[in-house]
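Oh and the first sequence: position 82 is 75 in this note's numbering, straight run, nothing missing.
Read the hints as simulated data drawn from the structure, not as lab findings. Heads up, some of the hints might be wrong.
[What the hints assert, rightly or not] Straight-line C-alpha distance at most 27 Å; calculated DSSO-like pairs for lysine-lysine: (1) K112 - K101; (2) K98 - K108; (3) K66 - K48; (4) K98 - K72; (5) K110 - K100; (6) K48 - K110; (7) K112 - K66.
[As the list claims (entries may be wrong)] Pairwise CB distance ranges (calculated): (8) L109 - K74: 36 to 44 Å; (9) A87 - E119: 32 to 40 Å; (10) V118 - N55: 42 to 50 Å; (11) L49 - Y106: 45 to 53 Å; (12) E78 - V118: 33 to 41 Å.
All of these numbers come straight from a predicted model, not from anything done at the bench. Glycine included, C-beta positions come from ideal geometry on N, C-alpha and C.
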Amino acid sequence: MNLYGDEMGLIAQYYPEIYGQVVQEEGVEKSRRKSRRKKSKGKCGNGSEAAGKRKLSQEQVNLLETSFENEQKLESERKEKIASELGLDPRQVAVWFQNRRARWKSKKLEEEYSKLKAKHDCTVVEKCRLENEVLTLKEQVSEAEKEIQRLLERGDGFSSINSPSSSFSMELLEPTFLGGFGMEGLENVLYVPQNDYINGLEWVKVYDM
DNA sequence: TCTAATGACCCGTTACATCA
DNA sequence: GTGATGTAACGGGTCATTAG
C-alpha cells in the first residue's frame, strides 16, 4: 500500500501549487536530514540548543504511545495529524514509530525467548525423568531374566507357573508344553503379580490374538 | 512489458541525555 | 568522572507502486 503516493498524485493533479510547495519542503527536509547527522558529530556550536530539543515531552510521548496502541502502522494522513497535534515534524513522528516498532519487536522476541526457554527446561526435566524410568525398567527386566534363568536351572520352574509370587512368563514356554496341560491359546498371556513392578496388572494380554 | 523514480519500512548504527 | 542504558535520528538496503 502506498497511500502517500496516491495522495501526492491527487494533490499534484488538483493542486499543482501546493504540490510544488510540498515537494520543495520535502527536498529541504531531506537535505536537512543529511546535514543534521554531520552537524551532530563531534562538538558543534549550537549543540546544547539542539540537545535541549531532542527529548520529546511526556505529553508528546503519551499521545504517541496511545496512537501506537491503536495502530502500529502509520498512514501519512495520521502522521500529519499527529505531527500537527504535537507540533512535531512528520519525519519525527515517522521515526518515533519506527523506533517504537523496533522496541515492540525486541520485547516480543524476549517474551518469546522466555516462553521457549521455560518449555525447553520442562522438556529437559521430563527427558531426565523418562531416562531414569527406562533405567529402572531395564534393571527390572534384567532381574526378571535372572529369575527365569534360576528357575530353568533348578528345573522346577513349571511348578510355580500358577504361583502369584512368580513373574514367570508363559510365553517363554513351548506351545506344545502348554497344550499338554490343556492351556492352548494362552501362549500370549503374561501373568504379572499385583505386587510386582507393573502395578495393578494381573493377567495381561501381550498380543492381540 | 520494462525501467527509473519514489516512498514506506526495517535493520544496524550513531549521538546524545540521563542515571547509578 | 564514567560506564550502562534509553532513545532520537541517520544511512543503507529492500520492496511495492507508479508514471513514462
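Worksheet item: Is the straight-line distance between the alpha-carbon of K112 and that of K101 27 Å or less?
Response: Holds - the C-alpha atoms of K101 and K112 are around 17 Å apart, at most 27 Å.
Practice prompt. Below or equal to 27 Å on CA atoms is what counts here, so check K110 against K100.
Written response: Answer holds: K110 to K100 is near 15 Å, not above 27 Å.
Practice prompt. Note whether the CB distance of L49 and Y106 lies within 45 to 53 Å or breaks it.
Written response: The hint (45 to 53 Å, Cβ to Cβ) is violated, given that L49 and Y106 are roughly 29 Å apart.
Item to complete: Quickly compare the C-alpha distance for K98 and K108 to 27 Å and report which way the hint goes.
Response: 15 Å, holds
Worksheet item: Are K66 and K48 close enough, with their CA atoms no more than 27 Å apart?
Response: 22 Å, holds
Discussion item. Looking only at beta-carbon atoms, does the pair A87, E119 fall within the given range of 32 to 40 Å?
Written reply: 48 Å, violated
Worksheet item: Within 27 Å, alpha carbon to alpha carbon, are K98 and K72?
Response: 21 Å, holds
Item to complete: Mind checking the hinted window 33 to 41 Å against the Cβ distance between E78 and V118?
Response: 53 Å, violated
Item to complete: Starting from K48, check that the Cα of K110 is at most 27 Å away, please.
Response: 36 Å, violated
Discussion item. Against the range 36 to 44 Å, how does the distance between the Cβ atoms of L109 and K74 compare: consistent or not?
Written reply: 39 Å, holds
Worksheet item: Can the restraint linking K112 and K66 be considered satisfied, given a maximum Cα separation of 27 Å?
Response: 32 Å, violated
Worksheet item: Cβ-Cβ distance between V118 and N55: within 42 to 50 Å?
Response: 44 Å, holds
Checked against the numbered hints given earlier, this structure breaks hints 6, 7, 9, 11, 12; the rest are met.
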